[in-house]
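J.: For the record, the sequence lines run as chains A and B.
Heads up, the first sequence is in the numbering used here, so the first residue is 1 and it goes up one at a time.
Heads up, the second sequence is in the numbering used here, so the first residue is 1 and it goes up one at a time.
I should point out that these hints are in silico values taken from the structure, not numbers from a laboratory.
Any given hint might turn out to be false.
What the hints assert, rightly or not - Chain A is nowhere near these chain B residues, computed Cβ spacing over 12 Å in every case:
id : residue
1  : A24
2  : T51
3  : F55
4  : P75
5  : Q79
6  : A90
7  : A110
8  : M121
9  : Y135
10 : G146
11 : A185
12 : L201
13 : R207
14 : G243
As the list claims (entries may be wrong) - Below, a sample of chain A positions facing chain B; criterion: calculated Cβ distance under 7 Å:
id : residue
15 : P45
16 : G51
17 : K52
18 : S242
19 : E246
20 : N274
21 : F276
22 : D277
23 : S336
24 : K337
25 : R395
To be verified - Covered stretches of chain B (chain A as the covering partner; in silico rule of three or more C-beta atoms under 8 Å from a C-beta of chain A):
id : segment
26 : 244-250
27 : 254-262
Quick caveat: nothing in here was measured; it's all calculated off a predicted structure.
Every residue, glycine too, gets a C-beta built ideally from N, C-alpha and C.
Listed here are the chains, written in short residue letters.
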Amino acid sequence: MQSSRLLKIAVATSAAALVLAACGGGSDSSTDAGAAPGGEAFAGPVGDGEGKLSVLAWPGYAEDGSTDPSADWVTPFEEATGCQVDVKTFGTSDEAVKLMQGGGYDVISASGDASLRLIYGENIQPVNLDLVPNYADIFPDLKDRSHNTVNGTSYGVPHGRGANLLIWNKEKLGDSVDSWSVMFEPDSPAAGGVGPYDSPIYIADAAVYLMATQPDLGITDPYALDQAQFDAAIALLQQQKSLVSEYWSDYLKQIDAVNGGTMTGATSWQVIVNGFDPAVVGSTKAKEGATGWSDTWMIAKDTPNLNCSYKWLDWMASPATNAQAAEWFGEAPANSKACELTADPEHCDKFHAGDTAYWEDVYYWNTPTEQCLDGRTDVTCVPYAEWSKAWSELRS
Amino acid sequence: MTTAVVAPPKGGFGYRHPRARLAALLGAPMAWLIVVYLGSLAALFLTAFWTVDGFTGALVRTFTLENFVDVFTTPAYLQVMARTIGIALAVTVLCLVLAVPLAYFMARVASKRWQPLLVAMILTPLWASYLVKVYAWRAMLSPESGVVAWFMSPFGLGGPGFGLLSIVITLTYLWLPYMILPVYAGFSRLPDSMLDASADLGAKSWRTFRSVVVPLIFPSIVAGSIFTFSLSLGDYITAQIVGGKVQMLGNVVQQNYVTNLPFAAAFATIPVIIVLIYLAAVRRSGALENL
């Protein structure tokens, strides 16, 4: 049974690859490339729930009160819709893609570095946004982004966003740090205590720094790197390696290392930063800009629980739930009306929810593809598989 | 002869069909061995010859040797292999150095009343969770706030920090019981008469140790080293927790299995090959026959 499912995936994938190859062939016909992957969106209307829903989510995105009784927006959903929710969490985007390819989940909170793989892998279906009333209140700058929309077809509803922050030990680096240079330059006062995020997607952080320090390379999108730009990013990461104390992917490990004083300059998330003593650990969005995430709720292509899935998407996008979830996780909500409903009235200000200028130099995680995401057609870009390989070699 | 008139015992089905009896006895374990154990190894090996879709990361079942070529031609990966073997050897040697005197004391010096207690004490750490032990070592080895650093500071030295040395120390701690127990058993089996004979022939204690004790406990040492070596070879969690930026074979496998399962499978066959080579070398030394 498992193998036949795998076979189906393999077949679907090769079909997708053929479609991609066909699209790539007619160089500038990308706008009229025909049907988007994943078939047709649900025409509606959304009927009664099927009684259950299997959710694949980042930790903290679908809380049912078991982590903390005060964080519960799953139980009210179950009561309102009759859809019994089963939540499975994942730790990395790569893991999320793997789980989704295995099947059995109805909806997923996908970050941008997972979403395109899922779309072209035919693992998810287009979403009919008319069936999601709360979509109207989503911040406009989160709509129609390259990680949630392909050829004008939308694949989901934004959940929230955040920037990857620069954190530093104030006792060792002083109060005024505003540049990623402390993580990359050999003469950094944080040498020996640098803590990068342990994932291939971190290569984009190096690219963001290069955008500011080596404009000659011509990088405009850190996820669209041609070979020369990619090599420069890897060279920078090699240089960084001698400064590193630890690479982290488990956030508990980072908390331990930062509190222990061994990690003195690192990349981090707001939700982690909230736990640090602000007198000891400083945090900021560095002046060069930053990578970040913008997560999207998406629906599995072959879900048997389509009505429940649409109800879930609308539930998560509703101002009240979105406020709860974003506040619990520590990120900017996607729904503009959520800001009036957060427990901390200043939550949206702290996380710059509606501050369009703040997000202009935040580059949301995306899946690098051979066809450059920044629109260049004269070169091919380095695809994610190569990123992954290069990262594995760098770390070895 | 009275036995001639005794009727043969009325055995059951199994008695009359020795082959069926054997099948009933070994059926379940053999099925487990073949299906679960060898089956998964075969699946692993087979996967290593496939590849993945460069974009979606899904498996593509076309035969290729590329994964193995990558593994053996990329300098970074060869370095990881060498480093991992080095760590495994260092851990084995350290375990040996610590285990032999300890086991000798337990088996030959301590009184019979104390022996079970000492064995229990060696076993106790095995009952605690692996993760708890490694995290405890992380706290102890922490460069600034750790116990080890505090202990070293009067000598003007810092702690070892997170890195190669910390991995070796932690793995040695973890696997030491697996070396002590076989060596202890070896010392326990050592006949007193041999030691007496050696003394009668005028050998001093060092000579007795070298010429009598070591050859007799050598198979036990080899048995222990198989444990410490192969367990170290496959470990990746310790490296993750106390290794800082240092990686071992297992970390590379872990890093790749989600995005590129075939490559991870190809990489995972390396420790299997190394252990097979190790076992072959051990077999040549004749130690396996004496176990």
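J.: Return the numbers of the hints above that this structure violates; sort them in rising order.
T.: 2, 3, 4, 5, 9, 10, 14, 15, 16, 17, 18, 20, 21, 22, 23, 24
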